[in-house]
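Engineer: Sequence:
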Amino acid sequence: MTSPGEVFALAVEVHEVDTLVDALRSAAVLDGSAPSDIDVRLVLGRACTTAARTVDQFAVALQLSYAASRGWGPLLDAFGERSASIREIVIVVDACKLLRHEEPELLQELCSMLRSPLRCPGGGWTTVALIDNETAWQRSRFQSAHAAATNLARRYA
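Note that my numbering numbers the sequence shown so that position 69 is 69, with each residue one more than the last.
Hints were generated in silico from the structure; no laboratory data involved.
Estimated spans, in silico, between C-beta atoms of each pair:
| id | residue 1 | residue 2 | range |
| --- | --- | --- | --- |
| 1 | Gly73 | Val14 | 28 to 36 angstroms |
| 2 | His15 | Tyr66 | 29 to 37 angstroms |
| 3 | Ala84 | Ala27 | 20 to 28 angstroms |
| 4 | Glu105 | Leu44 | 16 to 24 angstroms |
| 5 | Ser85 | Thr135 | 35 to 43 angstroms |
Glycine residues also receive a C-beta, built at the ideal position from the N, C-alpha and C atoms.
Could you build all of it, start to finish, from the sequences and the hints given here?
Structural biologist: Right, here's the structure in full:
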């Protein structure tokens, strides 16, 4: 990870996901942080095909307040109410299914509100990693992991 606080997308086979999660944890430690300083959260994209299901999954995975589970707006508000010192990587596996039954703008809004570059000097950030296999990316609205990463990076740079 070269720059915390980004959204990136990768094509990774199912059997390699756990290895990737371990590698991201190791990379976080290599940047000089203690292992407990970086949280790596896992969200199942296949369980987030609608906005309502996404709210439930993200509220639990990120350990947000109960109020955040009450709807899309409260979830997005909860992202902004988190501590400025939180340093985390949110990994969404089966990412091509994330908000699949919703308008594309909801995915863009989710990524925009969730990811955050450095919040304060020496402070926190949230990186979002969208992970799926190559075939799923090809069949997705983005048609490739590279296109997804490029689209989200351009939109939220």
